[in-house]
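J.: Chains as they are written, first to last, in this note's numbering: chain W, 1 to 376; chain D, 1 to 235.
To be clear, the hints were calculated from the coordinates, so they are not data collected in a lab.
Nothing here was measured: the structure is a model prediction, and the numbers come from that model.
Heads up, the beta-carbon is just placed ideally off N, CA and C, and yes, glycines get one too.
The reader is advised that the hints may include incorrect statements.
[Said to hold, decoys possible] Just some of the chain D residues that point at chain W, by a computed CB distance under 8 Å:
{"#": "1", "residue": "35"}
{"#": "2", "residue": "110"}
{"#": "3", "residue": "111"}
{"#": "4", "residue": "115"}
{"#": "5", "residue": "119"}
{"#": "6", "residue": "125"}
{"#": "7", "residue": "130"}
{"#": "8", "residue": "152"}
{"#": "9", "residue": "155"}
[As the list claims (entries may be wrong)] Beyond 10 Å from chain W on every Cβ pair, some chain D residues (computed):
{"#": "10", "residue": "27"}
{"#": "11", "residue": "40"}
{"#": "12", "residue": "83"}
{"#": "13", "residue": "87"}
{"#": "14", "residue": "118"}
{"#": "15", "residue": "137"}
{"#": "16", "residue": "174"}
Residue strings, one per chain:
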Amino acid sequence: MSVAPKDGLYGVYGGRYVPETLVPALDELERGWREAENDPSFHAALDALAASYVGRPTPLYAAERLAEGKRILLKREDLNHTGAHKINNAVGQALLARRLGKRRIVAETGAGQHGVASATVCARFGLECVVYMGAEDIRRQAPNVERMHLLGAEVRPVEFGTKTLKEATSEAIRDWITNVETTHYLIGSCVGPHPYPEIVRELQVVIGREAREQVLEQEDRLPDAVVACVGGGSNAIGLFAGFLDDPEVRLVGVEAAGAASLGTGRAGVLHGARSSLLADEDGQIADAHSISAGLDYPGVGPEHAFLRDTGRAEYRAATDEEALAAFHLLARREGIIPALEPAHALARALDLDAELVLVGLSGRGDKDLATVLERA
Amino acid sequence: MKRLSVYLMAGPETPELAQAAVEAGADLLELGFPFSDPLADGPVIRLAGERALAQGMRTARCLDCLAEVRSRVGVPLVPMTYASILEAYGYERFLRDARAAGATSLIVADLPIEARPDIPRVQLVAPTSPTERIRLAAEATDGWLYLVSLTGTTGSREAVSSQLPDLVERARSVTDVPLLAGFGISSPEAAAEAASLADGVVVGSRAVEIAHAEGAPALGRFVGSLRAALDAVEP
C-alpha cells in the first residue's frame with residue numbers, strides 16, 4: 001500500500017519536469033526522505049508531535065442529523081491544530097528540512113491553510129518562512145494572512161496571471177530555484193516533482209489509517225464509500241490510502257466544477273509533474289474557477305490521475321452553489337462550520353447512493369466566513 | 001571567435017527582430033515558444049510570453065514564425081520551450097515539424113537529462129549539477145552545452161555570477177563540447193567577462209526587453225555592442 005512509486009511514476013503520471021538546477025536538490029530530498037522513512041527516531045518525533053502538538057488522533061464523528069436514509073461519518077481533520085489536515089504534512093516536512101540542514105522554508109498557499117500550517121511549524125522549529133500567495137486569495141482569505149503574519153512568516157503577494165494558487169506555486173518554485181542551497185520547498189499538496197507526491201501522501205496517510213481503525217471500532221464494518229474533496233488532492237490521497245486495499249470500499253474524490261482537473265482535464269505537465277490538467281490543446285494551462293481557494297487549481301496529484309485511470313477511485317464535481325448549500329446544512333444541523341473545500345465532498349456524499357459514507361472533513365470554515373456572507 | 005546567442009520570444013515582429021540581431025552579429029538565435037507557466041523564467045520573459053500568448057502565438061503559429069525567421073537568416077535557430085508544449089503537440093511530431101521549419105535543435109527548460117532521451121536537444125547544466133551529471137549532459141547534448149550560470153531564473157543581473165567559473169571549470173574537465181553561458185548576462189561587459197571563461201554567451205531577457213520597448217534598430221545596436229565586446233575577448 002505504501003510502496004514507493006518506481007522512478008516517481010504512477011502509471012504514466014508523475015516524474016520530474018523541472019529545470020536542471022532543481023534536480024540535484026530533488027535527489028538530495030529523496031535521499032533524505034528514504035533515510036528518514038527508515039529511521040525510527042524520525043517516526044517517533046513525528047508521532048510525538050502528532051499527539052501533543054497537532055492533536056491526533058482526530059475524532060470520527062457520526063453526523064446523525066445531517067442526512068436521512070444514510071449514515072455519514074466525518075473524519076474531523078478540522079479539529080487539528082491550525083484547523084486543517086495541512087499541518088500533518090507541514091510537521092513532517094519541517095522535521096525533514098531540519099534533517100537536511102535547511103533553515104529557510106518557502107511554501108505556496110491557496111486558501112491559506114497550508115500557509116498557516118507552514119508558518120506554524122516554522123515558528124515551532126525556528127525556521128525562516130516565506131509564503132507565496134495570489135493577490136486574489138489574499139483578498140478572499142484575509143484571516144489566514146493575518147495568522148501567518150502573527151506567526152512570523154513573510155507573505156509575498158503574487159500579482160500576475162490568475163493571482164491564485166497556480167501562480168503562487170510557480171513563484172514558490174522560482175524562489176526555490178534561486179535559493180535552493182539554503183531552502184526547503186514545503187509543498188502543500190501531493191503534487192510537484194518526484195519525490196513530493198510520495199512524501200506528502202505518506203505524511204497524510206495517518207488520516208486514512210486512523211479513519212479505518214475508527215470506523216471498524218465504531219461501526220464494526222467498513223464504509224460503503226469514502227469521500228474527500230480534491231484540489232491538489234492531499235487530504236483525499238491520505239484518506240483513500242487507508243482503504244485502497246479494501247476493494248469493496250468505493251473511493252470518491254470531489255472536485256470543484258470549475259476546477260475539475262480529473263473530470264475534464266487532459267494529460268499535461270505543470271509544476272514539475274505529468275498529470276491530468278486543465279489545459280488547452282496546445283498545452284497552455286487553463287484558468288480554474290472555484291469559490292474555494294483551496295480547490296482553485298488547474299492541476300492534481302499524479303496518483304489521483306492514476307487511480308482515475310485504473311478505476312480504483314471515481315471523481316465527481318460539485319458546483320459553488322452545492323458546496324455552499326452543504327456548508328450551511330452542516331452548520332445548522334450539526335453545529336460544525338466546515339471549510340468550503342470539504343463542503344464540496346459533503347455535497348456529493350449527501351446524494352451518493354451508499355448507506356455508510358465516510359467523509360474527510362479536511363478543514364474548518366472560519367477562513368471562509370467573508371466569502372460565504374458575500375454570497376448570502 | 002566567441003559565440004553570441006540571442007533569445008527572442010516568438011511574435012509577429014520576431015522575423016524583423018531576428019534579422020536585425022543576426023545582421024548585428026548574433027551567431028545563433030533561440031526562439032521562445034511561450035508557455036503559460038514558465039518556471040525557469042524571471043519577469044521579463046514571463047511577461048513576453050504572456051504578450052505572445054495574447055497575440056495568439058500558439059505552437060502552430062510559432063512554427064510559422066520559425067519558418068519566416070529561417071527565410072531571413074542563415075544562423076542556427078533553436079526553439080526554446082517547456083515540456084507541456086511538447087506533451088500536447090507530440091515530441092516526435094514537434095521535432096519533425098520544427099526541423100522542417102528550419103530549426104537546428106531544441107531547448108526544453110524543464111526536461112531533465114533523464115527524460116525523453118530519444119529527443120535530441122541542447123542540454124542545460126547548472127551550478128548545482130554534480131560533475132557526473134555534467135558529463136552525462138555533455139554526452140547527450142546536441143551540439144553545445146547550455147551553462148545556466150547561476151542558481152535562479154532568467155533575467156538581467158548587475159554582474160556575472162560568481163558561480164560561473166567553477167561551473168565552466170567542471171564542465172571543461174569532462175567535455176570538449178562548446179559551452180555557452182546564459183541566465184543573467186545582460187551587458188557587453190558581462191558578456192565579455194562570461195565569454196572569457198566559456199565559448200560564448202546567451203543573452204535573453206535584456207534583448208527581449210529592448211526589442212519590446214525600442215524595436216529592431218535598437219536591438220541591432222545592442223547586439224552590435226555585445227558582438228564588439230565578445231570580439232575583444234582573447235580567444
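J.: If any of the earlier hints don't hold here, list their numbers in rising order.
T.: Violated hints: 5, 9, 11, 12, 13, 15; rest satisfied.
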